[in-house]
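Trainee: The chain contents come next:
Protein chains: 2
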Amino acid sequence: MKIAIIGAGAMGSRFGYMLQEAGNNVFLVDTWKQHVEIINKDGLLVDDNDTLKTIKIPIFFPEEVNEIPDLIILFTKSMGLKPMLKSIEKIIGKNTQVLCLLNGLGHSDTIAEFVNKKNILMGVTLWTSELVAPGHIKLTGSGNVEIQSLDPNMEHAAEKICQIFNKASLNAIHSKNVILSIWKKACINGALNCTCTILNCNIEEFGQLKNSRNIITNIIQEFSEIANKQEVDLKVDEIISNVEQTYDPDEAGEHFPSMHQDLIQNHRLTEIDYINGYISKKGKEFNISTPYNDLLTMLIHSKEELLIKK
Amino acid sequence: MKIAIIGAGAMGSRFGYMLQEAGNNVFLVDTWKQHVEIINKDGLLVDDNDTLKTIKIPIFFPEEVNEIPDLIILFTKSMGLKPMLKSIEKIIGKNTQVLCLLNGLGHSDTIAEFVNKKNILMGVTLWTSELVAPGHIKLTGSGNVEIQSLDPNMEHAAEKICQIFNKASLNAIHSKNVILSIWKKACINGALNCTCTILNCNIEEFGQLKNSRNIITNIIQEFSEIANKQEVDLKVDEIISNVEQTYDPDEAGEHFPSMHQDLIQNHRLTEIDYINGYISKKGKEFNISTPYNDLLTMLIHSKEELLIKK
Chain A
9 MKIAIIGAGA MGSRFGYMLQ EAGNNVFLVD TWKQHVEIIN KDGLLVDDND TLKTIKIPIF
69 FPEEVNEIPD LIILFTKSMG LKPMLKSIEK IIGKNTQVLC LLNGLGHSDT IAEFVNKKNI
129 LMGVTLWTSE LVAPGHIKLT GSGNVEIQSL DPNMEHAAEK ICQIFNKASL NAIHSKNVIL
189 SIWKKACING ALNCTCTILN CNIEEFGQLK NSRNIITNII QEFSEIANKQ EVDLKVDEII
249 SNVEQTYDPD EAGEHFPSMH QDLIQNHRLT EIDYINGYIS KKGKEFNIST PYNDLLTMLI
309 HSKEELLIKK
Chain B
9 MKIAIIGAGA MGSRFGYMLQ EAGNNVFLVD TWKQHVEIIN KDGLLVDDND TLKTIKIPIF
69 FPEEVNEIPD LIILFTKSMG LKPMLKSIEK IIGKNTQVLC LLNGLGHSDT IAEFVNKKNI
129 LMGVTLWTSE LVAPGHIKLT GSGNVEIQSL DPNMEHAAEK ICQIFNKASL NAIHSKNVIL
189 SIWKKACING ALNCTCTILN CNIEEFGQLK NSRNIITNII QEFSEIANKQ EVDLKVDEII
249 SNVEQTYDPD EAGEHFPSMH QDLIQNHRLT EIDYINGYIS KKGKEFNIST PYNDLLTMLI
309 HSKEELLIKK
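Taken in sequence, the protein lines are chains A and B. Note that our numbering gives residue 96 to position 88 of the first sequence, counting from 1, and the numbers run on in steps of one. Note that our numbering gives residue 23 to position 15 of the second sequence, counting from 1, and the numbers run on in steps of one.
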């Protein structure tokens with residue numbers, strides 16, 4: 009299968025590598041000049057569970073691509089999705105399946121501006137990957153990926169992609185309700201990312217605070233109200249329990265959430281508008297009050313203004 | 009007039025000094041061992057607008073006092089008020105006037121547990137003072153103090169205290185609505201203290217943020233609703249304008265609010281429960297939703313837990 013990986017960061021490069029190893033015709037697309045040039049010149053350096061390999065894999069800037077693939081896998085940063093889709097619009101064929109594996113909420117609406125809804129698949133993955141340096145990724149642990157076509161008549165397309173993914177050991181599951189899974193992951197992120205970032209603490213420290221239960225409950229309740237309005241049955245108690253499991257230092261406890269890494273450690277813009285900010289935006293649209301997510305979104309944007317030099 | 013200053017920090021010492029200089033019989037009460045011992049041994053060192061003076065002034069620990077004064081002026085930290093009133097209860101005579109000059113909300117209820125309501129006066133002051141070191145204060149600028157008896161039949165008591173204060177150049181005003189003035193000051197603090205503390209910025213930087221107007225408006229609206237419930241007419245637009253005037257670097261812009269100094273700079277507990285936390289508490293009592301003040305109070309308490317070593 010001809011597969012384009014759009015957004016070849018840590019996760020995009022992992023999927024590209026695993027899918028190519030399994031015999032697919034893969035190419036990567038990215039905008040990061042140094043990363044693209046190194047992979048073009050020296051190949052992609054993959055530290056695969058402590059075995060180092062150099063992989064030749066085609067990589068292009070968006071403006072260079074011209075081949076229409078069978079499958080496009082979207083792995084950009086949330087705020088990069090729309091401009092990227094604009095740049096690569098010409099390789100979205102009328103039968104090209106487009107699978108979104110970004111974190112966060114609201115991406116299917118953006119994709120639908122460029123892709124016929126029958127060709128859109130949504131997904132969520134528990135694989136991880138680390139970008140060590142430009143052209144160099146480090147893979148540890150295992151994961152899975154859950155996917156589903158937005159159009160119920162296109163189940164065969166999702167099924168086929170699951171087969172391709174499973175040949176590449178990606179542990180694909182053809183989901184019956186991927187939208188719920190996406191909401192669950194976004195809601196867990198929505199409870200932990202912004203709070204640990206604002207409080208400058210790791211997940212375990214957050215969990216030990218007297219008010220952590222109260223804070224996450226309010227955040228999750230607002231997520232649940234917006235989800236329900238979109239016919240997604242996000243259960244508050246279940247998500248609270250999922251969040252609280254991550255406090256364990258044997259789980260994610262010792263980690264700082266990715267938003268903390270982005271903003272506090274690296275002074276980069278965050279994906280807040282696609283997590284808590286999505287709840288805040290939809291709250292205004294639906295006339296549902298979402299003050300916790302409103303305030304947390306504004307506080308994160310304020311921290312961005314204060315920490316990121318223009 | 010025999011006057012006890014209860015809480016002899018920067019402001020208490022300033023008032024004690026000025027009132028003693030004007031011929032009153034003043035004594036100070038404080039719990040800070042080093043401060044009390046230095047003033048007892050060497051006197052209070054006052055840098056009065058660049059003139060250094062050493063002032064002999066009586067100072068006691070709470071458990072040592074036994075003289076019933078005509079006037080008690082309360083100048084403790086908010087969280088120290090109740091334990092202090094317990095310790096000095098024996099010197100609150102049946103005609104002792106008790107004037108509260110603490111910042112924040114809710115203090116009159118605490119005082120009423122120890123003092124007959126007819127003897128309680130509430131006040132608010134714009135004087136400032138700096139505690140340079142134990143036993144050493146620095147006075148700059150000018151100010152005023154607005155006072156009023158809680159009991160409308162006790163206007164003569166407030167009038168008399170104003171006269172005593174004015175003889176000491178304290179610029180006293182016998183207020184017609186000191187409760188409104190206290191609420192205004194608390195609300196300005198409520199908009200700036202916690203936000204600058206959470207965002208780790210000064211007042212000018214806060215004012216330049218895209219979301220500062222939106223954030224303070226929500227905070228102030230909740231203050232206004234709780235104030236209205238208590239028959240205090242706190243006008244949202246007026247307070248927004250008061251807050252925004254402080255952004256000017258020629259006003260308070262370059263300063264970090266006192267809560268930032270307490271928590272971020274000195275890792276000390278804050279007065280949040282008597283500012284935003286009071287709104288949050290009363291919201292629950294009155295069944296009025298106050299999510300902005302709820303969340304901000306919880307975030308500040310969380311920062312206290314993270315920053316203050318037990």
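Please note that the accuracy of each hint is not assured.
When chains are identical, the list treats them as one kind, so a pair holds in a single copy or across two.
[To be verified] Computed list of lysine-lysine pairs in DSS-like fashion (alpha-carbon distance at most 27 Å, straight line):
1) Lys237 - Lys317
2) Lys90 - Lys192
3) Lys317 - Lys218
4) Lys237 - Lys289
5) Lys243 - Lys292
6) Lys237 - Lys146
7) Lys175 - Lys237
8) Lys10 - Lys289
9) Lys10 - Lys192
10) Lys126 - Lys184
11) Lys64 - Lys125
These are calculated hints, taken from the structure and not from any lab test.
Trainee: Decide, hint by hint, whether the structure agrees.
Mentor: These are the hints, each one checked on the structure:
no., hint, verdict
1, Lys237 - Lys317, "neither (38 Å within a copy, 44 Å between copies)"
2, Lys90 - Lys192, "within (23 Å within a copy, 46 Å between copies)"
3, Lys317 - Lys218, "between (34 Å within a copy, 15 Å between copies)"
4, Lys237 - Lys289, "within (13 Å within a copy, 31 Å between copies)"
5, Lys243 - Lys292, "both (22 Å within a copy, 25 Å between copies)"
6, Lys237 - Lys146, "neither (40 Å within a copy, 59 Å between copies)"
7, Lys175 - Lys237, "neither (38 Å within a copy, 66 Å between copies)"
8, Lys10 - Lys289, "neither (37 Å within a copy, 61 Å between copies)"
9, Lys10 - Lys192, "neither (31 Å within a copy, 66 Å between copies)"
10, Lys126 - Lys184, "within (16 Å within a copy, 71 Å between copies)"
11, Lys64 - Lys125, "neither (34 Å within a copy, 84 Å between copies)"
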